[in-house]
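**Student:** Just so you know, the protein sequences line up as chains A and B, in that order.
Its first residue numbered 1, the first sequence is counted upward by one per residue in the working numbering.
Its first residue numbered 1, the second sequence is counted upward by one per residue in the working numbering.
Hints should not be assumed to be uniformly reliable.
To be verified - Lysine-lysine pairs mimicking BS3-like chemistry, simulated, CA-CA at most 30 Å apart: (1) B:33 / A:367; (2) A:300 / B:33; (3) B:18 / A:321; (4) A:367 / A:210; (5) B:33 / A:217; (6) B:102 / A:327; (7) B:34 / A:405; (8) A:327 / B:33; (9) B:102 / A:300; (10) A:327 / B:34; (11) A:447 / A:327; (12) A:399 / B:34; (13) A:367 / B:34; (14) A:217 / B:34; (15) B:102 / A:321; (16) A:405 / B:33; (17) A:424 / A:230; (18) B:33 / A:210; (19) B:26 / B:143; (20) A:327 / B:26; (21) B:143 / B:18; (22) A:399 / B:33; (23) A:86 / A:43; (24) B:26 / A:300; (25) B:18 / A:367; (26) B:18 / A:415; (27) B:143 / A:327; (28) A:321 / B:33; (29) B:34 / A:300.
What the hints assert, rightly or not - One side only, chain B facing chain A, incomplete, derived with CB under 10 Å: (30) 1; (31) 3; (32) 5; (33) 6; (34) 123; (35) 125; (36) 126; (37) 133; (38) 152.
Hints were generated in silico from the structure; no laboratory data involved.
Here the structure is a predicted model, which means the values were calculated and not measured.
Note that the Cβ used here is the ideal one computed from N, Cα and C, for glycine as well.
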Amino acid sequence: MENVITDNVLEQQEIKKESSIDFKMVTFSLAGKDYGVDIMKVKEISKAGKFTFVPNSAPYVRGVYNLRGDIISVIDLRIFFNQPAKQSGENDLESMIIVRLEDHVIGIIVDEIDKVVGISSESVQPPHPLFGDINIKYISGIAESNSRLYVILDVDAIFGTKSEEVVPKETLKSESLQDDAPSIESVPQAVSAAIPDPKDRSDRELGFIKETLVTFKQFYSSAINDNWIKSRYSQWFEERYNKDQSIQLTGIDDAENYLSSFYSPYTNMLWSEDYINQIAQFIPKVSSGNFNIWNPGCGKGYETYSIISMMKKFRPELNLKVHGSDKDLISVASAPGLLFNKNSVPDFYDEFMVESNSGLQFLSSIKDLIMFEFRDLENLEVFSRLDMVIIRDVLSFLKEDLQEKVLQVILENLKDDGILILGKNEILPDLNGWEDISENGISAYRKR
Amino acid sequence: MRVEYINPFVESAYSIMKEVLNAEVKRGDLYLKKSSQPVMGVAAIVGLAGDVEGRVLFDMDEKTAIDIASAMNGEVLTEIDDLAKATITELANMITAQAVTKLHDLGFRFDLTPQAIITGQNMRVTDMNVEALIVPFELPQGKVEINVAIRERA
Chain A
1 MENVITDNVL
11 EQQEIKKESS
21 IDFKMVTFSL
31 AGKDYGVDIM
41 KVKEISKAGK
51 FTFVPNSAPY
61 VRGVYNLRGD
71 IISVIDLRIF
81 FNQPAKQSGE
91 NDLESMIIVR
101 LEDHVIGIIV
111 DEIDKVVGIS
121 SESVQPPHPL
131 FGDINIKYIS
141 GIAESNSRLY
151 VILDVDAIFG
161 TKSEEVVPKE
171 TLKSESLQDD
181 APSIESVPQA
191 VSAAIPDPKD
201 RSDRELGFIK
211 ETLVTFKQFY
221 SSAINDNWIK
231 SRYSQWFEER
241 YNKDQSIQLT
251 GIDDAENYLS
261 SFYSPYTNML
271 WSEDYINQIA
281 QFIPKVSSGN
291 FNIWNPGCGK
301 GYETYSIISM
311 MKKFRPELNL
321 KVHGSDKDLI
331 SVASAPGLLF
341 NKNSVPDFYD
351 EFMVESNSGL
361 QFLSSIKDLI
371 MFEFRDLENL
381 EVFSRLDMVI
391 IRDVLSFLKE
401 DLQEKVLQVI
411 LENLKDDGIL
421 ILGKNEILPD
431 LNGWEDISEN
441 GISAYRKR
Chain B
1 MRVEYINPFV
11 ESAYSIMKEV
21 LNAEVKRGDL
31 YLKKSSQPVM
41 GVAAIVGLAG
51 DVEGRVLFDM
61 DEKTAIDIAS
71 AMNGEVLTEI
81 DDLAKATITE
91 LANMITAQAV
101 TKLHDLGFRF
111 DLTPQAIITG
121 QNMRVTDMNV
131 EALIVPFELP
141 QGKVEINVAI
151 RERA
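With the sequences and hints as input, model every part of the structure.
**Tutor:** Right, here's the structure in full:
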């Protein structure tokens, strides 16, 4: 988005050589002063009244309005900016500018809509920090036209999500600073933020590492893997410091290196008999009937085949079904026909496999119990009730809000006493609804 | 979507379009989508029933539809008339039927429902509780997207 804006500005500057008017704004007045908004943001203007009152909303929300079938919210800008607002009678029509934001349309009530004024964007001055009535972050500039001064409002900053994201962070930061050092409470925020705090340094470096892990490996740090990422950091720091290398991850190789100890055992290979025996302790005690397992992030299918072999060995009487899913089409498409080299397969699997010309593969009676799916966790949908979910090292590669969503869906779809198994370095941050039964380095949880 | 279903649709779409249009067909990367998606202007839809439930949607803009129908009929059509509509539905039917035949050979039972064609501007399609696989194709006549949404019958 920001790039687009700068591109536009550059373009506008190019065009300016030919004509000096390259920025048009709709001007209006609020409490006797002149304001403008970028005409590109304005959908239309109209006279409207009789807004439907919305109870319990902020004072500046006048209500909602039916704009030819679309319901839009209506904001009174005068109240929003603490300006005196004329009381309007029951049936009076008021001037409304309808602005189009990225994802919604909002009506703004103003005193009077004036006209469209064209100016040169070069003549727009930055807002002065001592501006009175209106918070400076809502102003994109000041422009002069026909010896009148117009305050250009930044509609996105006022109503968009942009400001909402910035504000809480600032408050948080100032709060934490105040907690640490009550003595500098009165120092203006900008100044105190500039003072380097040595004990924050490693935090900041870890922060950078987390960001680069997202960039290079789409690894998202969250409460699920925070413990690991912190302990790995001290180890990493030592390793790199001794070798006189940069602490920061400079490329995809570094990122892979950093994550090398993150992965659970037997990633991308069949589980060993020992590991199967460990996991088997967590199989829910179901006496009979259908038993559904979901294995998201199955990749080429090694994990899914290991799971079905484990179940066949320990609970052959159950009516088993394993759903393996992955969003990497190439990997998951090869899973149903996965071939194994005889030497690389533990003896444990012998009874479930058959030899073919090109190598070992699983018996079709085993394969029939597995359904491999091309599926993106982003588009989670409902599926059959689950007894067990094995999702090792998958959540950490999802964005944080998606991590929560996936965990929520798992909790909803697991049967009572169903089991969830995460990667060895992952933990459930919120045990609400879960019982932690982790053991032997296996992160396992039972639904309560 | 079950991985076994993907290839038959991709293969039959590719080979049939190549054959009936006698032209270079390029396949784009497959991807998954759930939320509602815009439809370009002309959409032929074929429903699936049997072991599974779902539908296949062939989506293209009006100009592409007219050009494809012209190429298949060997005459120049200028609007989406009955002949053009019949031609596009037939193309959808051929592709789906061949895919279903391939799936049948793999042991999956699918039935087709009568096909329909939908035309208009500014349309969207939303699938409830099922993820759609999008297979984009680039033809000399324009872009055709095959949108397959199938789920196992619970």
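**Student:** Can you name, in rising order, the numbers of the hints this structure does not satisfy?
**Tutor:** Result: hints 3, 4, 25, 26, 34, 35 and 36 break, sorted rising.
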